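K.L.:
Put together the whole structure using the sequences plus the hints.
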Amino acid sequence: MNLWAILKIAIRALTRNKMRSALTMLGIIIGVGAVIAMVSIGQGAQSMIQTQINSMGSNMLFVVPGNVRANGVSQGLGAAATLTEDDVVAIEREVPTVLAASPSLRASAQLVFGNQNWNVQLVGANEKFPKIRNWPTVNGAFYTAADVRGAERVIVLGHTVAEKLFGTADPVGESIRVRNLSFRVIGVLETKGSTFGQDQDDTAVVPFTTVQKKLQARGTNSVGQAMISAVSPDATTLVQQQVEDLLRQRHRIVEGEPDDFTVRNLADVAAAGVQLTTIMTLLLGSIAGISLIVGGIGIMNIMLVSVTERTREIGIRMAVGARPSYIRLQFLTESVVLSLAGGALGMIGGGGAAAAIAWYLKWPSLVSGLAVAIAFGFSTGIGIFFGYYPAHKAAALDPIEALRYE
Amino acid sequence: MEGSSEDVIRIERVSKVYQTGDIHVNALRSLSLTIRRGEFVAIMGPSGSGKSTLMNIIGCLDRPTRGKYYLENVDVSTMGKAQLADVRNKHVGFVFQSFNLVTRTSALENVELPMLYAGVSGAERHRRAREALATVGLSDRERNMPSQLSGGQQQRVALARALVNNPSIILADEPTGALDTRTSVEMMEIFQRLNHERKLTVIIVTHELDISLYAERVIQVRDGKIASDEHVSNRYVASEVLERLPVYAADLDETEETEKELS
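These protein sequence lines are chains A and B, in that order.
Take the first sequence: its position 383, counting from 1, is numbered 365 in my numbering, and each next residue is one higher.
The number in my numbering is simply the position in the second sequence, starting from 1, with 96 added.
There's no promise every hint is true.
Mimicking SDA-like on lysine to any residue, the simulated pairs with C-alpha atoms at most 20 Å apart in a straight line are [stated by the list, open to error]:
id: 1; chain 1: A; residue 1: Lys113; chain 2: A; residue 2: Gly149
id: 2; chain 1: A; residue 1: Lys(-10); chain 2: B; residue 2: Thr199
id: 3; chain 1: A; residue 1: Lys(-10); chain 2: B; residue 2: Arg200
Worth flagging that the hints you see were computed from the coordinates, not collected in a lab.
Nothing here was measured: the structure is a model prediction, and the numbers come from that model.
P.N.:
Structure follows, in structure tokens:
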């Protein structure tokens, strides 16, 4: 008894009840389609996050004053002004794996040019900002170390800000008002796009000294945070370790006392993001998987009906010499053919849906081989799992009873 | 009891007890029976006599509670389901009262069925099935579905299916029960011809005296035992009976078909 013959009988039995087979398959089509679509969308989101974090610079670290973990009491990051300009200078000078470091101060301000105005989060940094963020100017130039020393009123605009204030006109050389102080626009940054739905180009950079002396109400020497770029993405863990050691030493923190700062690694942030989307993917996938199980129950239901309807046929087959195992194999083949055909169609549907959604959200379209393999594996498994009981029931029939069945 | 190689069937003190709750039904009571190769036997008996049980055991559809059953000198009384299926496939050709063809499956494929389970290759199956259909005179109906065939034709397809694996016995359960007189005699003519020409062992289970007289040996079963086992002295010859039957019955097949189309 060869498999080809069994397959032929199975396909004929299924095509005899086309409507019924199609409806039964629909359960699997929807289930597999949903799983593929959900997993693909999840993976698309994941790779999107990865790309965006890479665009921010995966070799970036931040030093934030304060420590969330201090004695179990949350002080809030940035609660203490413990980070000084000297710390930042020391980090760049003494940690060999650090490419560059800069203070990172933030201040919100309204920028006004002519009758246009725009609210923006200003970033106060030193002249190494383009190097650290890997973010060059496309127009004009970035300010110099001398500008930083002199706390000059110069400003470099993000692309969005430039567009809002100047439209298509060239902003370089123009004068704008920041909190009623006049600043000279000396450059425009390259377009970065948005990360996590936040427009990175909606920013403007000024010397951090200018923020300290001209824009903050009380003039302090606090540098807020420090942004650091490692020489390579692989070095970030090492940089983190060395910066921590250096700052503990500089802040004279004795062994056993908690840090008064926190070093954050963008690679960790990336990992957290990836983990989040993995959980999301799993969650969505399992919800979709439930519909696959429901589809399987549909198969079981229809196979049980089919076994009852064909009791006499089973009796005939047994009488002429079909072993119980052949009968079982035949019904099992029918349910597997149903679920596999449903799986194939579901894959096309789910892949199409994923591609459409990816296109709409401008994500990379990812119908991974893994998802396809899982869908095929699952639909075969479902066919076998939910087909087994009806097939077993058919195989266990007594030929005498089955032949008498009306 | 010593059996010879000419004994196709040897049943030794076989009992069959059915148990439903506390009630035991003794369908067969220590029944013994031997059938030799090439015999044409009719098994008769009223309902409840145990003749159906006997048929099921002879056909390897059921196993005896006690006693031994040798088919082709092989003890089949203790075999499992799968083994019994193989024995049926190889040694037993069934013909049933209600034809029992697989619906919506062509005559040819119905005849191929036993060979499918015997593992015969596709081309060989085809050839042998056509040959068997030719034997029963249905070469022109190979592609027909059972619903497109008359009762007599369906029963002949069933007989072709029974013949196709060259079984040791043809076991026919009321083979003419659903047929009219002429078609019944035509069926018996085929049985007698196969029995005569191929030395095929034919066992017919029937309650019709008329039909039993086409056999050469009639066994009466009563209360689970053999009541009588006699040689038929005045045996009917189907081909002669057919000649004497009124001619108008000859087109009954077509009438049946018309009825089917109408219904």
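K.L.:
Work down the list of hints and note, for each, if the structure agrees.
P.N.:
Each hint, compared with the structure:
1. Proximity of Lys113 (chain A) to Gly149 (chain A) is assessed by CA-CA distance (about 27 Å); at most 20 Å being required, the pair is judged violated.
2. Distance check on the hinted pair: Lys(-10) (chain A) and Thr199 (chain B) sit about 16 Å apart at the alpha-carbon level, within 20 Å; holds.
3. A hinted pair counts as satisfied when its Cα atoms are at most 20 Å apart, and Lys(-10) (chain A) with Arg200 (chain B) qualifies at roughly 14 Å.
The structure shown violates just one earlier hint, number 1.
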